[in-house]
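A.B. asks: Here is how the chains run, residue by residue.
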Amino acid sequence: MSADTLLTRRQRDDLRTVAAMIIPASDEYKVPGADDPAIQADMLATLGRDTKLVAAALDHLARLAGAPLAELDAARRDAVAQEFRKQGGAAAATLVRVVLQCYYRDDRVLRSLGLELRAPFPRGHVLPDGDWSLLDPVKARGGSLRRAP
Amino acid sequence: MVCVSRSANIPGSWLYSTRALILSFAGLADRERPNRPKSGEGEEKVAMKDPVDVLIIGAGASGAAVAWSLAETKMHILCMEQGGWMNPAEYPSTGRDWEAKFYGEWSSSPNVRGRPEDYPINDDNSPIKVVNYNAVGGSTVMYTAHWPRLHPSDFKVKTLDGVADDWPIDYDALTPFFEENDRMMGTSGLSGDPLSPLTHPPMPQQPLGLSGAIIAKAMNKLGWHWWPSDTTVATMDYEGRARCINLGHCTPACAQGAKSSTDITYWPHAIRAGVELRTHCRVREITTDENGMASGVVYYDKDGVEQFQPAHVVIIACNGVGTPRLLLNSASGRFPNGLANSSGLVGKNLMFHPYAQIYGFVKEPTDSNRAPPTCLWSKEFYDTDLSRGFVRGYAIQFGRGAGPVFEAVASEQKGILPWGADHHGVFRRLNGHRLAVSAICEDLPEEHNRVTLDPVLKDSHGIPAPKIDYTISENSRKMMEHGLARGREILEAAGATDICINNPIPWGGWHLLGTARMGTDPQRSVVNEWGRSHDVKNLFIVDGSIFVTSGGVNPTSTIQALTLYIADQMKQRLANLFD
Numbered sequence: 001m002s003a004d005t006l007l008t009r010r011q012r013d014d015l016r017t018v019a020a021m022i023i024p025a026s027d028e029y030k031v032p033g034a035d036d037p038a039i040q041a042d043m044l045a046t047l048g049r050d051t052k053l054v055a056a057a058l059d060h061l062a063r064l065a066g067a068p069l070a071e072l073d074a075a076r077r078d079a080v081a082q083e084f085r086k087q088g089g090a091a092a093a094t095l096v097r098v099v100l101q102c103y104y105r106d107d108r109v110l111r112s113l114g115l116e117l118r119a120p121f122p123r124g125h126v127l128p129d130g131d132w133s134l135l136d137p138v139k140a141r142g143g144s145l146r147r148a149p
Numbered sequence: 001m002v003c004v005s006r007s008a009n010i011p012g013s014w015l016y017s018t019r020a021l022i023l024s025f026a027g028l029a030d031r032e033r034p035n036r037p038k039s040g041e042g043e044e045k046v047a048m049k050d051p052v053d054v055l056i057i058g059a060g061a062s063g064a065a066v067a068w069s070l071a072e073t074k075m076h077i078l079c080m081e082q083g084g085w086m087n088p089a090e091y092p093s094t095g096r097d098w099e100a101k102f103y104g105e106w107s108s109s110p111n112v113r114g115r116p117e118d119y120p121i122n123d124d125n126s127p128i129k130v131v132n133y134n135a136v137g138g139s140t141v142m143y144t145a146h147w148p149r150l151h152p153s154d155f156k157v158k159t160l161d162g163v164a165d166d167w168p169i170d171y172d173a174l175t176p177f178f179e180e181n182d183r184m185m186g187t188s189g190l191s192g193d194p195l196s197p198l199t200h201p202p203m204p205q206q207p208l209g210l211s212g213a214i215i216a217k218a219m220n221k222l223g224w225h226w227w228p229s230d231t232t233v234a235t236m237d238y239e240g241r242a243r244c245i246n247l248g249h250c251t252p253a254c255a256q257g258a259k260s261s262t263d264i265t266y267w268p269h270a271i272r273a274g275v276e277l278r279t280h281c282r283v284r285e286i287t288t289d290e291n292g293m294a295s296g297v298v299y300y301d302k303d304g305v306e307q308f309q310p311a312h313v314v315i316i317a318c319n320g321v322g323t324p325r326l327l328l329n330s331a332s333g334r335f336p337n338g339l340a341n342s343s344g345l346v347g348k349n350l351m352f353h354p355y356a357q358i359y360g361f362v363k364e365p366t367d368s369n370r371a372p373p374t375c376l377w378s379k380e381f382y383d384t385d386l387s388r389g390f391v392r393g394y395a396i397q398f399g400r401g402a403g404p405v406f407e408a409v410a411s412e413q414k415g416i417l418p419w420g421a422d423h424h425g426v427f428r429r430l431n432g433h434r435l436a437v438s439a440i441c442e443d444l445p446e447e448h449n450r451v452t453l454d455p456v457l458k459d460s461h462g463i464p465a466p467k468i469d470y471t472i473s474e475n476s477r478k479m480m481e482h483g484l485a486r487g488r489e490i491l492e493a494a495g496a497t498d499i500c501i502n503n504p505i506p507w508g509g510w511h512l513l514g515t516a517r518m519g520t521d522p523q524r525s526v527v528n529e530w531g532r533s534h535d536v537k538n539l540f541i542v543d544g545s546i547f548v549t550s551g552g553v554n555p556t557s558t559i560q561a562l563t564l565y566i567a568d569q570m571k572q573r574l575a576n577l578f579d
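In order, the protein sequences belong to chains A and B. The first sequence maps to residues 1 to 149 in the numbering used here. The second sequence maps to residues 1 to 579 in the numbering used here.
Because the hints were derived from the structure by calculation, they are not lab data. Careful, some of the hints might be misleading.
In silico DMTMM-like pairs for lysine to aspartate or glutamate, Cα to Cα no more than 25 Å straight-line [stated by the list, open to error]: (1) B/K217 with A/D131; (2) B/K302 with B/D459; (3) B/K414 with A/D131; (4) A/K139 with B/E492; (5) A/K139 with B/D459; (6) B/K363 with A/D78.
Where chain A lies over chain B, by a calculated footprint (3+ residues, C-beta under 8 Å) [claimed, not checked]: (7) 155-163; (8) 180-187; (9) 201-210; (10) 224-236; (11) 247-260; (12) 299-305; (13) 359-372.
The structure presented is a predicted model; accordingly, all values stated were derived computationally and were not measured. Ideal placement from N, C-alpha and C gives every residue a C-beta, glycine not left out.
Bound conformation, chain A alone (with noise of 0.2 Å):
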């Protein structure tokens, strides 16, 4: 069963809220908001076992703002927000988590960031050997271990 089965409609539109809350898109960067249909659809396609604490967070957004966040007023959503924030525990840790893996796997944000489209394995990356001749004044210290009896 899909998150979008598992969220309610208000847990789905408040949850899309709080995300731009966290990312707004930017025009500076060229990057869309975590409020991004992709990004949701990423997000409730792959909630899996962070689902019920992230309902339990929405939940508690819920309450703390009493009414569909979007239809507060900037100055209330982000105490709500602050709130929710400080006082959430796991729940909202875990919500906030779910926003930032989301967006940061997307491929215009990756994109934005100078970092490849692509799992690590097979290709790897490239690391510089260094310069070696660092290592000479620890070599020229030099020292002893401890003696054991």
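Use these hints to put chain B onto chain A, whose structure you have.
C.D. replies: Structure of chain B alone, referenced to chain A:
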């Protein structure tokens, strides 16, 4: 080379030429547990099973090593592992969601991971949470491959510093086994570190990389020791393993097979040599006979059916939490406080290595997730200097960086990555610029730090789960504060800002040590100086639970050297193994 008696090369010969012959055959033993199957299907299976010469419980770092070492005796060796074989095609780095998996099915915490192979651990009463992995290869599937050895002085803590206890063996006894193990696991590194025991890694050290160079310059500025870490990451093709291609963080398994884990090092050799490895078998208890000898194990097979496997020798290799759990779960009328527990020390003296971590962000790019996580170590503060306000010391591990998801999640939690319009700018300053310094502090043994059985929590087979009670000592606290202060100096010398700490790293209970300590005094130790239980003469323990003290370094290299040493002792003593 190990020493093996000539007769031991004849299949099964030792069993019929030693006291083993007169020991009870497990199928005939009068087991004491009330839940022993007396009749019916289970009993038929019991009757059908032949005893094995050696039964090893656990196929991780130590279980694999002891299986391989004993294989040359040609005894019938069976290893039972509660997990299964790993499939590298499913490792996180093969997918775009590789970072997210670390928060779920690839979490280092068994409580979060919750795979069928895992057992729950009640670590609510501990600031450091237990992390492990249950599969063929054990926690070597999911470790950082950092490969220091305990120092010679670590074996003589009481003599040198008047604390804890000396080990009943010394570093020199383990030296040939360290070397043998390094060849088997395949290590990389640079020989000649003046402040570490001499090693001879068969492969060159990892590249310094961007992060390593920044750290090296900072350490040189301070005039402090650093050296490229010995690791079990293959830097060239080695024994069927492909060289490291820098997939990223090695901890949640290596799809390339460059990181050494025992499923791809020891186990193929052990199996080719005739060792039988039975997976998805969870041992519930070790049984004993009327002579007080181990007679076999009760376990649940892959279908969840209770079985009994008789054995002439039982070797436990379940780590410092799993081993005391099994011994305590093996209580019986003859051993009411748990098996091998006449000293009362089974489960006590748990040592973790509290990690004090400090990290920051430099202007230059770091290696981020594009390299193995650790590259350098420092032993500048390893030895006791009482002017620091604590006894013993710590090694430093340096971290190369993190991937974007980890960076976003960790920095948001620390409050340095804001919500809202500033998020993007701050993230770009942090991501790919992290450097970490971790002090791995020697944890001294304290009996109140312990593993017991949880009265309520059970695993999927109904076996009581372990419960951890652990506090960080005042000595360790001072050591951690010292490590953080020196770490701050290092980061500042590197030009880092936005400095944060994890003190301790909460999910940092990688090293599970001391809960069935070795020693010569049966009243003060669980096993003798070559790993045999004082109480049960055909029961051996080879994992980290037999550590007397923890040293201030990652223990896997020493665990495996100790395992090979014990296996060698067993082979040398075959004629009088149970005397």
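A.B. asks: All the hints need checking, so say for each whether the structure fits it.
C.D. replies: So, going through the hints one by one against the coordinates:
1. B/K217 with A/D131: holds (10 Å)
2. B/K302 with B/D459: Holds: B/K302 and B/D459 sit about 15 Å apart, inside 25 Å.
3. B/K414 with A/D131: violated (34 Å)
4. A/K139 with B/E492: Within the cut-off at roughly 24 Å; holds.
5. A/K139 with B/D459: Answer violated: A/K139 to B/D459 is near 52 Å, above 25 Å.
6. B/K363 with A/D78: violated (31 Å)
7. 155-163: holds (count 4)
8. 180-187: violated (count 0)
9. 201-210: Per the Cβ count (5), the hint holds.
10. 224-236: With 4 residues closer than 8 Å to chain A, the region 224-236 of chain B meets the three-residue bar; holds.
11. 247-260: holds (count 4)
12. 299-305: violated (count 0)
13. 359-372: holds (count 4)
Checked against the numbered hints above, the structure violates hints 3, 5, 6, 8 and 12; every other hint is satisfied.
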